[in-house]
Amino acid sequence: AQKITQTQPGMFVQEKEAVTLDCTYDTSDQSYGLFWYKQPSSGEMIFLIYQGSYDEQNATEGRYSLNFQKARKSANLVISASQLGDSAMYFCAMSPNHNAGNMLTFGGGTRLMVKP
Amino acid sequence: DVKVTQSSRYLVKRTGEKVFLECVQDMDHENMFWYRQDPGLGLRLIYFSYDVKMKEKGDIPEGYSVSREKKERFSLILESASTNQTSMYLCASRGGTLDEQYFGPGTRLTVT
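Protein chains in written order, with the working numbering: chain A, 1 to 116; chain B, 117 to 228.
Excised from the complex, chain A in its bound form (with noise of 0.2 Å):
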């Protein structure tokens, strides 16, 4: 069984500074896809940036890098020059790769504000 952890329920931290939101899973899987997700108060949740388990280097996708630790089983997320619209929920999910289905388990969450 897979297990996401995000052990930061609510951050604050000041615009135009960087964040980093923790994430941590379980998994006995050799290949697995790391997912971070953002959900704004409207509730649709966007898809920021994937870390595959094999990827060599971070992912990084504009504003957004992964800090990808395998050894400690670790994908935090690095939101650089925060800005007021990155206030939201964001989520840490894993996916098995050899699971047809793709199903996605997901963390509880970290409610991110951002102060002006």
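Just so you know, these hints were derived from the structure itself, not from any lab.
All residues carry an ideal CB built from backbone N, CA and C; glycine is no exception.
Mixed in with the good hints there might be a few duds.
What the hints assert, rightly or not - These stretches of chain B come out as covered by chain A in the derived footprint (C-beta under 8 Å, 3 or more residues):
id : stretch
1  : 129–142
2  : 155–162
3  : 181–189
Said to hold, decoys possible - Simulated pairs of lysine-lysine, BS3-like, Cα-Cα distance not exceeding 27 Å:
id : chain 1 : residue 1 : chain 2 : residue 2
4  : A       : K3        : B       : K173
5  : B       : K171      : B       : K119
6  : B       : K169      : B       : K134
7  : B       : K171      : B       : K129
8  : B       : K171      : A       : K3
9  : B       : K119      : B       : K173
The hints should help you fit chain B onto chain A, whose structure is shown.
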């Protein structure tokens, strides 16, 4: 752009009613999913479908059923709604270069 739509944003139903939540995607994706979202628990998978008329149970299928008669449409059915099914329901379809899931806007269901 991928579009996943859900029939209602807000829904209020009475205990014991049969409830239908509809989801439609326009990208010809084979895989579709229903999740419920509760505070502190993240998203939990109720059912998924990998083809027309095919379905698999997720982590919390009790009290729910699904229907997929057409590729683009995946329906979640609450046979007899109960107050503990008050939640946000999110539909998703899977595709894209990274096999990421695309989500609809969600339906906030209240059962009284």
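Results of checking the hints against the structure:
1. 129–142: Violated: only 0 residues of the stretch 129–142 of chain B have a Cβ under 8 Å from chain A.
2. 155–162: Holds: 6 residues of the stretch 155–162 of chain B have a Cβ under 8 Å from chain A.
3. 181–189: It is violated: at least three residues are needed, and the stretch 181–189 of chain B offers just 0 whose Cβ sits closer than 8 Å to chain A.
4. K3/A to K173/B: holds, 18 Å
5. K171/B to K119/B: holds, 22 Å
6. K169/B to K134/B: holds, 21 Å
7. K171/B to K129/B: At roughly 26 Å apart (the allowed maximum being 27 Å), K129/B and K171/B satisfy the hint.
8. K171/B to K3/A: With Cα atoms ~23 Å apart, K171/B and K3/A stay inside 27 Å; holds.
9. K119/B to K173/B: Measuring from Cα to Cα gives roughly 24 Å; hence the hint holds.
Consistency with the previously given hints fails for numbers 1, 3, ordered from lowest to highest.
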